[in-house]
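Visitor: One-letter residues, chain by chain:
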Amino acid sequence: MQTQEIQKISSQVRRDILRMVHGCQSGHPGGSLGCTDLLVDLFFSTMNLKTDAAGKVVFDMDGTNEDLFFLSNGHISPLIYSVLARRGYFPTAELATFRKIDTRLQGHPTPHEHLEGIRIASGSLGQGLSVAIGAAQAKKLNGDKSTVYCLMGDGEQNEGQVWEAAMYAPHHKVDNLIAFIDENGQQIDGPTEKVMSNRDLEAKYKAFGWNVMRMDGNNAEDIKNTLNKAKAELGKGSPIMIIMKTEMGAGVDFMMYSHKWHGVAPNDQQLQDALAQLEETLGDY
Amino acid sequence: MALFTYETKKDTRSGFGAGMEYLSQHNPKVVALCADLIGSLKLEGFIKNSPERFFQTGIAEANMIGISAGLTLGGFIPYATTFANFGTGRVYDQIRQSVAYSGKNVKICCSHAGLTLGEDGATHQILEDIGLMKMLPGMVVINPCDYNQTKAATIAIADYEGPVYLRFGRPVVPVFTPEDQKFEIGKALNLVEGTDVTILATGHLVWEAIQAAEALLEKGIKAEVINIHTIKPLDVQAILASVKKTGCVVTAEEHQYNGGLGDSVAQYLAMNHPTPMEFVGVNDSFGESGKPAELMEKYGLNAEAIVAKAIRVMARK
Ligand SMILES: Cc1ncc(C[n+]2csc(CCOP(=O)(O)OP(=O)(O)O)c2C)c(N)n1
Ligand SMILES: [Mg+2]
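Heads up: the protein sequence lines correspond to chains F and V, in order. Numbering (my numbering) for the first sequence: 1 to 285. Numbering (my numbering) for the second sequence: 1001 to 1317.
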């Protein structure tokens, strides 16, 4: 898929995120907007997903012989919900139920309500990489050649379990895994440097035995090139970590360059101001 | 007829914040730790007054519990703070080994307990924390009912030597207990006198129990309402005295039946004074996203649910 087409979808997904969070007056727009470009590329272009004869995506929990994605920083749920709906896993109309009572679109993603596309609950940070590694090992045991993807936050790197997983994957040569860190430099209490410095994530993951790459997570071209490079490195004995620089709130000028919009919903006026910056390309839900 | 009135609604976590601000000025041994949730825990006042006694751990709750245990060795009184799920379930073994079993004077203080955190949903809505913490030998478990009581409890636990779990919440709820009350750990508070049924409530459900007592009174039923702010140690004397009078009991809590206040009361009464009993709580399910009041209704945790259980238990006398 051309990057122009991906950018079009991303614009719609960003609109969805803002409207969902506004609709229930809760949720996390900042990280969701920042990671939009990556997830749209993965689900619309890079990942090999199971489809029926008509080309429509079909979901089954095991996901054998297709690529899998695990969202570890579950608070950016509006993003994954929009991407899954836009990709055809469930009707986009369901996005309007986000975080409302009886919804399948829970505050944080869960398979508990049988939402197509979600294979593990996340929301309590630091657990997703372990699950993704396990799923990658299951693929190896099954002789399944597809790839497992996993996204984490940079604040999330504070969690000890992340580093248990970081140690495990190279040790067990889990080389069918591409993980990402959303390096937006922000977490709830402020800039990551001030709250709990990650120092040099690249050096840390390298020291743990990962094949580490960097990219601009808000540049569709760079995402595509880096993902192609990463895919060429699969199967060479090491898991791959892509540290992607993003801007929290990317795409909406007043939501960028701070942690203010980590978990705050826009009011009516702010929503209008934000939507005015994003073209409606596929029709709002 | 209103049995209790209130002027304002406030969140219990702000009561915690006010208690911490007080401690920053009055108890130089108190130190606070937080795992990237300063605003949610209302710690700004403490940090402003005593920045050198505050430790930001980042999103690393297990580490926070261990650091707290270590800090007690210099005579400090660490208050380890985060959301209830991440401060109990996530770090159960760290609390078990480094705090409870080691007998360390750590106060684990957690906001966003129960369903009423609302839209974040089940990953954050722990309904098992009272059970997890009360099972630990030597752990005190406190779930105050409003802003004033949470503030008082926050201050009082500094003077108690030993591990404490203090649980509070996110939504604004009526402030109906006295300002600057003295908080006595383990001392239940009789709020409404009655002879027909005993309602033992904790946390956010205390206000609902009072509303239930009003509704029952309109039906000619005199309910006794007791605020069990301390689940462990349980004030068995107060409970026994009341059920001997009323002959039946309903417990009410924002928690699973399993492991909650209800099963502590049931265990005590089964051994000492078997009494018909009904439970208001979550019956073996996870929570979900929604507005707090919607969730409390859906899961049967409001005044109406207490009324229904009271009527049912009275029929079993
Ligand atoms: C175990 C755990 N602790 C605390 C939280 C509360 N929390 C939710 S998001 C967040 C900050 C996450 O930072 P980061 O991973 O950088 O995500 P970003 O804010 O950049 O989207 C925190 C502390 C949580 N969800 N899980
Ligand atoms: Mg971040």
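FYI, nobody ran anything at the bench for these hints, they're computed from the structure. This structure is a prediction, so every number in the text was calculated from the model and none was measured. Where hints are given, some of them may not hold.
With a straight-line Cα cutoff of 27 Å, these simulated DSSO-like cross-link-like pairs (lysine-lysine) come out [stated by the list, open to error]:
#1 V:LYS1048 <-> F:LYS194
#2 F:LYS260 <-> V:LYS1104
#3 V:LYS1010 <-> V:LYS1104
#4 F:LYS100 <-> V:LYS1010
#5 F:LYS260 <-> V:LYS1010
#6 F:LYS194 <-> V:LYS1029
#7 F:LYS245 <-> F:LYS206
#8 F:LYS56 <-> F:LYS145
#9 F:LYS100 <-> V:LYS1298
Visitor: Look at each hint and say if it fits the structure.
Guide: Here is how each hint holds up against the structure:
1. With a C-alpha separation of about 16 Å, the suggested pairing of LYS1048 (chain V) with LYS194 (chain F) holds against the 27 Å cut-off.
2. With a CA separation close to 37 Å, the supplied pair LYS260 (chain F) and LYS1104 (chain V) exceeds the 27 Å bound.
3. Between LYS1010 (chain V) and LYS1104 (chain V) the CA atoms are separated by roughly 32 Å; this puts the pair beyond 27 Å, and the hint is violated.
4. Taking the CA atoms of LYS100 (chain F) and LYS1010 (chain V), the gap is about 24 Å. The hint holds against a cut of 27 Å.
5. Under the criterion of a C-alpha separation no larger than 27 Å, the hint pairing LYS260 (chain F) with LYS1010 (chain V) is consistent with the structure, at around 24 Å.
6. Restraint check for LYS194 (chain F) and LYS1029 (chain V): satisfied, since their Cα atoms lie roughly 25 Å apart, inside the 27 Å limit.
7. For a cut-off of 27 Å, the pair hint linking LYS245 (chain F) to LYS206 (chain F) stands: about 17 Å separates their Cα positions.
8. Restraint check for LYS56 (chain F) and LYS145 (chain F): the C-alpha separation of about 22 Å stays at or below 27 Å, so the hint holds.
9. Distance restraint check for LYS100 (chain F) and LYS1298 (chain V): the Cα-Cα separation of roughly 13 Å lies within the 27 Å cut-off, and the hinted pair is therefore satisfied.
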